[in-house]
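As given, the protein sequences belong to chains A and B, one line each in that order. Under my numbering, the first residue of the first sequence carries the number 14, and numbering increases by one thereafter. Under my numbering, the first residue of the second sequence carries the number 697, and numbering increases by one thereafter.
Rather than coming from a laboratory, the hints here were simulated on the basis of the structure. Keep in mind the model is a prediction, meaning the values are calculated, not measured. A few of these clues could be false.
Okay, derived cross-link-like pairs now, DSS-like style, lysine-lysine, Cα gap no bigger than 27 Å in a straight line [unchecked claim]:
(1) A/K665 with B/K846
(2) A/K774 with A/K764
(3) B/K774 with A/K173
(4) B/K931 with A/K670
Chain B is nowhere near these chain A residues, computed Cβ spacing over 12 Å in every case [what the hints assert, rightly or not]:
(5) R30
(6) R251
(7) Y354
(8) R386
(9) T474
Only part of the chain B face toward chain A is listed, based on derived beta-carbon distances under 7 Å [said to hold, decoys possible]:
(10) E700
(11) T728
(12) G787
We treat Cβ as the ideally placed atom computed from N, Cα and C, and that holds for glycine.
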Amino acid sequence: MLINLNINNVISPFEVRPSDTLLHVLRNAGYFGAKFGGCKKGECGACTVLLDGKPVNSCSMLAAQAEGHALQTIEGIGEHPDQGWKKTDGLHPLQQAFAESGAIQCGYCTPAMVLASKALIDQKENPTEDEIRDSLSGVLCRCTGYKKPVEAVKASAALKNGSITEPEFMDQLKVNCMPQMDLVPEAREFNTVGKPDTKVDAIKLVQGKSAFTADIDLSDALIAKVLFSTVAHARIKRINVEKARNLPGVHAVLTYKDIPRVVFSSAGQSDPIPGPLDMFSLDNKVRFVGDRVAFVAAETAQIAEEALKLIDVEYEELPAILDSSESMKPDAPKLHDEPEYQNFADSNPDKNLAAEIRIDIGNVEKGFTEADRIFEADYVVPKVQQAHIEPHVAYTYWDSDDRLVIRTSTQVPFHARRILAPVLGLPIKRIRVIKPRIGGGFGGKQEILIEDIAAHLTIATGKPVFFEYTREEEFIAARSRHPMKIHMKTGVKRDGTITANEMRVLTDTGAYGCHGLTVTGNTGQKAMAIYVGDGQYRKSPNIRFYADIVYTNTPPAGAFRGYGVPQGVYPVERQMETIAREMNLDPVEFRLKNALRAGELQPFSTSWSEGREPRPEIVQTVGLEKCVRLGQKAIDWQEKFGNIRWHQVEGKPYLRKGIGVALAMQGTAIPYLDMGGASIKINEDGSFNLLIGATDLGTGSDTVLAQMAAEILGIPTEDILVYSSDTDFTPFDKGAYASSTTYISGTAVTKAAQKAAERVKIRAASMLSDEKRVIGPESIVLHDRHAWAPDGRSISMAEIARNSLHIVDQEQIMGTASYVSPVAPPPFSAQFAEVTVDVETGKLTVEKLVMAVDSGVIVNPLTASGQIEGGMIQALGYAVSEEMVYDEKGNAREKDLVDYHIFRADEMPEMKTIFVETYEPTHPFGAKAVAEIPMDGVAPAVSNAIQDACGAILKQIPATPERILKAIHQGK
Amino acid sequence: MIKEYHRPKNVRDALALLERETPRTIPLGGGTTISKTRDDIAVVDLQDLGWNKVEVKDNDYLIGSMTTLESILEYFGKNSAIGKAIILEAGKNIRNMATIGGSLVACNGRSAFLTILMAHRCELVWEPEERSMDIGEWVKQRSLGWDKKKLISKVRMKKAESVVFDSIGRSPLDQPILCYAIAKFEDGMVRIALGGFGDSPVLVFAGDVRHIDYSGINDTLSHSGDEWASNEYRKEAGEVLVRRLVDLATNGKEG
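Full structure from sequences and hints, please.
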């Protein structure tokens, strides 16, 4: 049918099918600012457009419904202010505000948030914060925690109504979005590092430009779909695809019979993969509801879906294991009986054991005998989803050199290339992986999850193939956080000294062992290492960490921000709280008394490392106590803790307020294993291209790396043009995981920039020298886009570039470097939470979260605080609302972002971020990691606050109203 | 898959389309549910019928079936009980699209909005012939299948003296695992609706406030256990919640 759509005040005809959604039509027409979130109920809002000035979801309405209405897309509200000779009105103030305030992280939902808030400020001259939050309530953001977007809208509204001027607008944005900073003296010396620079890709993202994997013309692409298993455990007895293959428009249907049987692991980790090889692209056995059965490529999504219905599968159902406690029983069904299975370390498929860890530090039994009290308890932490708003998405094609190009939203492009090569039967050199912008990953895209599907279909058909998950597929077929059952045993002396601490873990890795060993290793290595004990125990702590990582017939777990540490911090911090309260010790001082201090050995460093032999590591910087003190002040701990009156709510005797704390320690990169590379070269105007294999999944790492390069080269960040990442053009990098980019890739960038700077200085010295004055390169200083001689003369970077490229002894000034670290300096945090509990119903309201963090020197306080705010809210979901549950047949309860509730903008607690800087001597600018640590402390701090409010002792999260009420009763 | 799209200008044309045997033809409200169907159907978009206003007539609110949830929220205000329920229902974007008519068809027992409609004295007005049906009757018929050749043109909602609503979820705006809405009318009658589970909310009491049968209400929760909460929990928390809300509705404050 032919319809006319008025898009951004231009009326154009469109030939559409009655079933076409508005989103489909817009994206086919190149309006890529409206994004696909995969949802069936329109719950994510990434596809927002304005319909007659109101935000609506273009995925949830038919294109035909929009006829006769005025549509506005992000493409219609502003554009880059500088387009050469062409004059433009520039960005809309909202776009400017989002860019300048740090409100953009991955940027996938940014156009939607800008449009939704535009609708508000077009209507309301002076909106309240509640109204702003309400306006954003239809757009789910998994990155920001909404704090900075709200500030961006506030400032834009104020500018629009004239209550502030343009300069005040910029000031307000930076001031209101900045965290509280406790600086180290060294950081004050930097010009670019430590500054709240605008993200290097902010202008692109805020305009909704074609930045992401799916933002391309797909008119020549086949659409891939997967037939997923409907049973939890079965052998495929018979599979008939003839009808599907014969359906017009279908180009390929693949089953396990059609492709090579190559065993691999989908975990995107360095070589060799530290885990068993236990999966195939397609197998004759399915191991969970959602496992792959067949791949289809067709001319449209509808045809592909029709084809799936025509595939006839006969399963021989096998008994399934849905409870990890059953996995290692002698009569348990065996998930992995395939002969190709490759063990790693202690994995044993006969016992459904994907991995095993046994670590004893010191003499644990002796430590228990030296204790006055022994505390034991069991804890349960759930399976949860990364829920990045951009689903997994890949596009594959043969290029003109017959090389397979894989354009994919991956955190690990180089690992993807290496892992896929044998699976596809291609040498590495014939695969090129291009990583466009990533719309959120949180570890979920540290998995080679769907690239092989599209690639097999491209090989089968010779045609480009596009594949993206729906939201339901994300829930049933993608990876998640490993759920764990944990037993804690702690020995304590009367004075509060911990004499021994033991954790025994049963990890459910689901049907495949991806990341199971290393995730669980982190659970002990980071969560247990923070408490070493006091006195003699500091030098020789007694810690035991035993773990079994077992298979079940549930969707596999994998990497998720925090990578095992949140699972460990919850039981450890609940255990500490219980001990402190039972022994009448101050919970804060008890923790600090036993916590690791600067100059002490990371106790696990002699017994555990991911993929390499352990080596002793002294922790050099620990800002934990200061984090605690500043956090206590910010949440008014002294006034509230132990104050009976404060715990009561006037007029509502059934409400109780509570306050809680949790300490945490993460890691920074993986020592001796993961490497980052960088390359930098000068351009004729004195700008530089920075080529990195590191992948910015929304964290702002491209910006932070640019800032470090800019600091070395004495130029502003805007003069660094970042390109990341393409296996053909950028140096190798392990990718974005393990909180390593600022530290590992950052050091590589710094070293590369130093090499380039050295060449700049040599040339500048030569240019500034003459017969009378010989200037040595070592005396040249770079700043303000100039190279400065000691006598005050200078020469611009542009002149140096021109000289080097065109005038004298021509050379390309450039530097290339790589870095692998011998250490993994841990960041620390003190997390505080304030809650209100309805003691008659168990209803919980989290009122406030304060997090004080030692992440070393903060390279960009805006992007770093964005990490903390967004991380805290993800962690709040882990604490109270997020959980993946399966029925007795292994079917998922959660298949969308309605049942799987992530926080909306209009239900957020108050949040505060404090950075307590330390100067980490192993990093060129003193930095440590920031991205993962906010995941760790919120859940235990909330549970501790619930205990403070009403005495309920929770040992399982999420803290649902029913669990809270039950715990209240048990407390009585 | 949607095979045909129609946007009639009047009710007669809409009904004529719906009366066809083939293709199966169904009315289209905001589209939030139907736009993603894979069934072979034709849709009749009702947006041009003018059924998108809230009006007051005598002691009734007349809410056109194509009125969006956001328009209803704006009309009653976000601090009203109905406003609170609508905010729980969905974020702004979906509220701008979803209509009261569509919600009546698609909502399940966890819908705060349907719960509050149940608490009101609501009637659905159908075309042709402007026949009325009590909302409770509609909810019963809905699960059995209804005559899809008829259209809900509006919802007639009796003005209440006071309406209160409260819910329990995992976060402030999570779907309720338990919610109550209570409407008290000038004649002293009270209607109590219970939601948070099942296929649709339930009217658990309608009568004189002095004769509220709390144990009877609570018995309704005896078989409410599902994957989101147990019977026991819902009964215990439900008893607390309903007593508090009755006090609030009748005395203006919690007991």
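The hints, checked one at a time:
| no. | hint | verdict |
| --- | --- | --- |
| 1 | A/K665 with B/K846 | violated (48 Å) |
| 2 | A/K774 with A/K764 | holds (15 Å) |
| 3 | B/K774 with A/K173 | holds (25 Å) |
| 4 | B/K931 with A/K670 | holds (24 Å) |
| 5 | R30 | violated (8 Å) |
| 6 | R251 | holds (26 Å) |
| 7 | Y354 | holds (34 Å) |
| 8 | R386 | holds (34 Å) |
| 9 | T474 | holds (24 Å) |
| 10 | E700 | holds (6 Å) |
| 11 | T728 | holds (5 Å) |
| 12 | G787 | holds (4 Å) |
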